[in-house]
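Engineer: Given the coordinates of chain F, work out where chain Y should sit on it, guided by the hints.
Protein chains in written order, with the numbering used here: chain F, 1 to 334; chain Y, 1 to 334.
Since the hints were made in silico from the structure, they are not lab data. Possibly wrong hints are sitting among the right ones.
For identical chains, the list gives no copy identity; a pair is met inside one copy or between any two copies.
[Stated by the list, open to error] Simulated pairs of lysine-lysine, DSSO-like, Cα-Cα distance not exceeding 27 Å:
hint, residue 1, residue 2
1, Lys136, Lys324
2, Lys299, Lys136
3, Lys299, Lys167
4, Lys156, Lys167
5, Lys299, Lys106
Keep in mind it's a predicted model, so treat the numbers as computed, not measured.
Number of protein chains: 2
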Amino acid sequence: MVFPACYARGMTNPVIAEVFRGDTPESRHRGAFIVVDATGTTVASAGDHEAAFFPRSAIKAFQCVPLIESGAAQRFGLDDAEIALCCASHSGEAEHVRVARSILAKAGIGEICLECGAHMPTAREATYDLVRHGEKPLQVHNNCSGKHAGMLALAKHLAAPLEGYVKLDHPVQQAIAATLSRYCNVNIAQAPMGIDGCSVPTWALPMNKLALGFARLADAENEAARWILRAARIHPLLIAGTDRFDTKVMQAVPRLFIKVGAEGVFCGTIAHEGLGFALKCDDGTSRGAEVAVAHMLAKLDVWNDNERQSLTIFAAQPLTNWRKISVGSVRATP
Amino acid sequence: MVFPACYARGMTNPVIAEVFRGDTPESRHRGAFIVVDATGTTVASAGDHEAAFFPRSAIKAFQCVPLIESGAAQRFGLDDAEIALCCASHSGEAEHVRVARSILAKAGIGEICLECGAHMPTAREATYDLVRHGEKPLQVHNNCSGKHAGMLALAKHLAAPLEGYVKLDHPVQQAIAATLSRYCNVNIAQAPMGIDGCSVPTWALPMNKLALGFARLADAENEAARWILRAARIHPLLIAGTDRFDTKVMQAVPRLFIKVGAEGVFCGTIAHEGLGFALKCDDGTSRGAEVAVAHMLAKLDVWNDNERQSLTIFAAQPLTNWRKISVGSVRATP
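Chain F extracted, bound-state conformation:
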């Protein structure tokens, strides 16, 4: 028995965000979301929130948990910045690259052992810096390099081979699969599997189960979860980067942990209320997912006025053209 994957269930999700040109609707984004507490009770939801979908990079926190629970992070003396980067989809800025290299150095592992592949930094200025210096991007510039450095540190701690740490049958990926099964209360063997952009396995999991896993990260007795949430709160720039949505939202609302995933995904934890959430924009578009997740969060009765106001602002993004003329907006559906 396999989880019915997102869209295999024949349901039509509601419109969660719209793009306007002037006052006229131009495009629209459908999707689903759910907010649950640590018992799995639904606090808010829309659309098909039981179908399985690929959370992609949104679950980097769970990919980091075994690094801490195994004792590897403590053994190699990783600090909050390094734990934050292990949970990041970073922009490849100088500080991101420095911290990724620091993780590898502390674990005594060469950059060449990374198996994430190289791509130009997400941050335009970081890319232009490489171009100006005639340099090619390295694997440490990959937005997942912190996560991969952490995986390599875990492999070394487990005395497992470094080579092939991205493969499904490697102890590192097996530890991550077990973590997801435990936190999300799923049998990962039932989950459709794919290969992620950075070559590690990614599993399609039911949206409500993913949200449950994130609610459980709010457990104050859980050392690994506490460390991860604290690291993200202290280092929002390391989780994403300059001008990135996750970073700006966590800077504005430090009590929120939020993490983007490719293809229109957001997951996160509202630790002070013990809630977890998951959202996916059907079409995989980040602009739709961003305004929709901000709106979904703003409507929850768990914020002070400043926090709610910040989230409400993120729920509507103005569109300007090449001459900075206002031409429209992307707005969450009320």
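Structural biologist: Same frame as chain F, but now just chain Y:
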């Protein structure tokens, strides 16, 4: 009375493209399309093909028609390459910039008169060239610079002010509005208006009426239309650029005229059969629109075997990750 805009009619469009990770659906794209002949008879359709939507850059051919019909193109001695660039959303490569400057030079107009705004070239290598030389992008790098050079040439030919040629009440934009009204058989005053990325007016028009306009471009008696289609056929690299979808499709299927528009739009003409078409991906995503329009075209009974095979290949695009590992595909819905 105003055209009911796209999405205001409460209809749910069908899924026209899906994204798979491995064999599991990850994301999906809804949309609508229509193919009509010059009498307005429907040849193929899906979804809400009567709602109005913003065709954006897909109608650059119609924005070029008054340049020819007024005699401006002939007066300034524009050639096929220059007419192609007037209809282009180009990548800002060296040849695009050269041809844009050539249009302006022939009309005796300075680059400073452009009002499209500047942005980095769409072509990555062209952008890196600017960065390597410490240069900022100019307005001629804007993907619409050919169209704007043509608009300026028309303004000069009409003895209208050059400044403000992008404004709705300028004779250039009024000539374009009249052209759209005539070809698409619409009263443009009923159309919702917005401002495009390059600052000119853009009107939301019913999809079936837009397709009708493109079918009428197939009229062999129409000198302007004949010139535009010939220019595009001879210069597919000028209509878009290296590795761009429109360029590759027209190189593979020269009997097809196809033009992308922002927010998931394609329009075009199948001149040898007298057909026009229009397609919009609801969510504004080009990857969904690309495979869907290729599939829609491949299914039409108007191609030879080579042409159909080429279009079928464009209807399914493989996805690879940073290490060139195959991870999935984007496919038109069968």
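Engineer: Each hint needs a verdict: does it hold in this structure or not?
Structural biologist: Results of checking the hints against the structure:
In this assembly of identical chains, Lys136 and Lys324 lie within 27 Å of each other by CA distance solely across copies; the values are 17 Å between and 32 Å within a copy. In the homo-oligomer, the alpha carbons of Lys299 and Lys136 never lie at most 27 Å apart, since the shortest distance is 45 Å inside one protomer and 43 Å across protomers. Taking the shortest alpha-carbon separations for Lys299 and Lys167, neither the intra-copy value of 41 Å nor the inter-copy value of 40 Å comes in at or below 27 Å. When the C-alpha separation of Lys156 and Lys167 is checked against a cutoff of 27 Å, the pair qualifies only within one copy, where the shortest distance is 15 Å, while the shortest distance between copies is 64 Å.
In the homo-oligomer, the alpha carbons of Lys299 and Lys106 never lie at most 27 Å apart, since the shortest distance is 43 Å inside one protomer and 58 Å across protomers.
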